[in-house]
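A.B. asks: Protein chains in written order, with our numbering: chain A, 1 to 111; chain B, 1 to 112.
None of these hints come from the bench; they were simulated from the model. Predicted, not measured: the structure shown is a model, and the values here were computed from it. Keep in mind that the hints are not guaranteed to be accurate.
[Unchecked claim] No farther apart than 20 Å at their CA atoms in a straight line, the calculated lysine to any residue pairs in the SDA-like style are these:
| no. | chain 1 | residue 1 | chain 2 | residue 2 |
| --- | --- | --- | --- | --- |
| 1 | B | Lys57 | B | Thr102 |
| 2 | B | Lys57 | A | Phe100 |
| 3 | A | Lys3 | B | Gly100 |
| 4 | B | Lys57 | B | Arg22 |
| 5 | B | Lys9 | A | Lys3 |
| 6 | A | Lys52 | A | Asn23 |
| 7 | B | Lys57 | B | Leu30 |
| 8 | A | Lys3 | A | His40 |
| 9 | B | Lys57 | B | Gly42 |
| 10 | A | Lys52 | B | Ser24 |
| 11 | A | Lys3 | B | Gln41 |
| 12 | A | Lys69 | A | Thr103 |
| 13 | A | Lys52 | B | Val97 |
| 14 | B | Lys57 | A | Arg91 |
| 15 | B | Lys57 | A | Phe101 |
| 16 | A | Lys3 | B | Gln44 |
| 17 | B | Lys9 | B | Val111 |
| 18 | A | Lys3 | B | Gly58 |
| 19 | B | Lys9 | A | Ile39 |
| 20 | B | Lys9 | A | His40 |
| 21 | B | Lys9 | A | Gln45 |
| 22 | A | Lys3 | B | Leu30 |
| 23 | A | Lys3 | B | Phe45 |
| 24 | B | Lys9 | B | Glu75 |
| 25 | B | Lys9 | A | Gln42 |
| 26 | A | Lys52 | A | Ile63 |
| 27 | B | Lys57 | B | Phe45 |
| 28 | A | Lys3 | A | Ser41 |
| 29 | A | Lys52 | B | Asp99 |
| 30 | B | Lys57 | A | Gln42 |
| 31 | A | Lys3 | B | Gly42 |
| 32 | A | Lys3 | A | Gly50 |
| 33 | B | Lys9 | B | Gly28 |
[What the hints assert, rightly or not] Chain B side only, calculated, beta carbon under 7 Å to chain A, not exhaustive:
| no. | residue |
| --- | --- |
| 34 | Gly42 |
| 35 | Phe69 |
| 36 | Pro70 |
| 37 | Gly96 |
| 38 | Gly104 |
Every residue gets a Cβ at the ideal spot worked out from N, C-alpha and C, and that includes glycine.
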Amino acid sequence: DAKTTQPPSMDCAEGRAANLPCNHSTISGNEYVYWYRQIHSQGPQYIIHGLKNNETNEMASLIITEDRKSSTLILPHATLRDTAVYYCIVRVGTGANNLFFGTGTRLTVIP
Amino acid sequence: DSGVTQTPKHLITATGQRVTLRCSPRSGDLSVYWYQQSLDQGLQFLIQYYNGEERAKGNILERFSAQQFPDLHSELNLSSLELGDSALYFCASRTGVNDGYTFGSGTRLTVV
């Protein structure tokens with residue numbers, strides 16, 4: 001699986017959009033980009049994933065650049081409950097493979 | 001409630017002992033994944049089962065073993081426990097190959 005690079009920490013004001021970047025310059029054509037978050041020792045929570053196109057769900061939007069070498073997770077209106085560690089993971093979609101978590105970005109939403 | 005059930009939530013035991021952690025995946029999910037999270041290591045993949053068969057191994061110690069039963073629940077057995085085995089142990093399941101993983105709330109193991 002391709003390696004990802006994320007900033008170690010970010011702050012965001014409550015109610016504003018949180019934009020979390022991820023670099024994955026060695027991503028292969030069949031690798032998906034997944035985002036998870038972990039709120040203080042709880043189990044990681046799946047947020048969103050995508051291959052090429054931008055994706056949106058009830059939690060967030062995922063913007064993947066045209067060359068697929070980077071992506072941005074957008075939380076449109078951050079709340080205090082969004083304070084967590086966010087993990088960007090790239091992996092092949094099929095097969096018996098697994099999620100390899102890096103160190104992620106610790107997002108702190110400030111009142 | 002994520003649908004993935006892990007028991008017990010907390011476990012305190014002494015060094016040298018053996019414990020069993022249990023995981024019930026979401027209804028219909030055939031894959032179970034085990035992860036360990038200690039303070040200084042982050043989330044580490046241990047092992048995966050699919051429909052009763054071992055599919056992949058990660059950084060799992062020889063003192064640890066797992067299995068998945070016909071009803072698809074899985075157990076992670078940790079033996080000859082050491083202080084360094086103190087950690088959160090998560091299991092996850094998923095429905096399809098392109099689906100996200102759903103994690104349980106974890107078992108916090110403390111070895112004293």
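A.B. asks: Now look at each hint and say whether the structure bears it out.
C.D. replies: Checked hints:
no.: 1; hint: B/Lys57 x B/Thr102; result: 19 Å, holds
no.: 2; hint: B/Lys57 x A/Phe100; result: 12 Å, holds
no.: 3; hint: A/Lys3 x B/Gly100; result: 19 Å, holds
no.: 4; hint: B/Lys57 x B/Arg22; result: 18 Å, holds
no.: 5; hint: B/Lys9 x A/Lys3; result: 32 Å, violated
no.: 6; hint: A/Lys52 x A/Asn23; result: 14 Å, holds
no.: 7; hint: B/Lys57 x B/Leu30; result: 17 Å, holds
no.: 8; hint: A/Lys3 x A/His40; result: 24 Å, violated
no.: 9; hint: B/Lys57 x B/Gly42; result: 17 Å, holds
no.: 10; hint: A/Lys52 x B/Ser24; result: 33 Å, violated
no.: 11; hint: A/Lys3 x B/Gln41; result: 17 Å, holds
no.: 12; hint: A/Lys69 x A/Thr103; result: 19 Å, holds
no.: 13; hint: A/Lys52 x B/Val97; result: 17 Å, holds
no.: 14; hint: B/Lys57 x A/Arg91; result: 16 Å, holds
no.: 15; hint: B/Lys57 x A/Phe101; result: 15 Å, holds
no.: 16; hint: A/Lys3 x B/Gln44; result: 15 Å, holds
no.: 17; hint: B/Lys9 x B/Val111; result: 14 Å, holds
no.: 18; hint: A/Lys3 x B/Gly58; result: 17 Å, holds
no.: 19; hint: B/Lys9 x A/Ile39; result: 17 Å, holds
no.: 20; hint: B/Lys9 x A/His40; result: 15 Å, holds
no.: 21; hint: B/Lys9 x A/Gln45; result: 18 Å, holds
no.: 22; hint: A/Lys3 x B/Leu30; result: 27 Å, violated
no.: 23; hint: A/Lys3 x B/Phe45; result: 16 Å, holds
no.: 24; hint: B/Lys9 x B/Glu75; result: 14 Å, holds
no.: 25; hint: B/Lys9 x A/Gln42; result: 11 Å, holds
no.: 26; hint: A/Lys52 x A/Ile63; result: 9 Å, holds
no.: 27; hint: B/Lys57 x B/Phe45; result: 8 Å, holds
no.: 28; hint: A/Lys3 x A/Ser41; result: 24 Å, violated
no.: 29; hint: A/Lys52 x B/Asp99; result: 16 Å, holds
no.: 30; hint: B/Lys57 x A/Gln42; result: 23 Å, violated
no.: 31; hint: A/Lys3 x B/Gly42; result: 16 Å, holds
no.: 32; hint: A/Lys3 x A/Gly50; result: 16 Å, holds
no.: 33; hint: B/Lys9 x B/Gly28; result: 23 Å, violated
no.: 34; hint: Gly42; result: 6 Å, holds
no.: 35; hint: Phe69; result: 19 Å, violated
no.: 36; hint: Pro70; result: 20 Å, violated
no.: 37; hint: Gly96; result: 9 Å, violated
no.: 38; hint: Gly104; result: 5 Å, holds
The earlier numbered hints that this structure contradicts are 5, 8, 10, 22, 28, 30, 33, 35, 36, 37.
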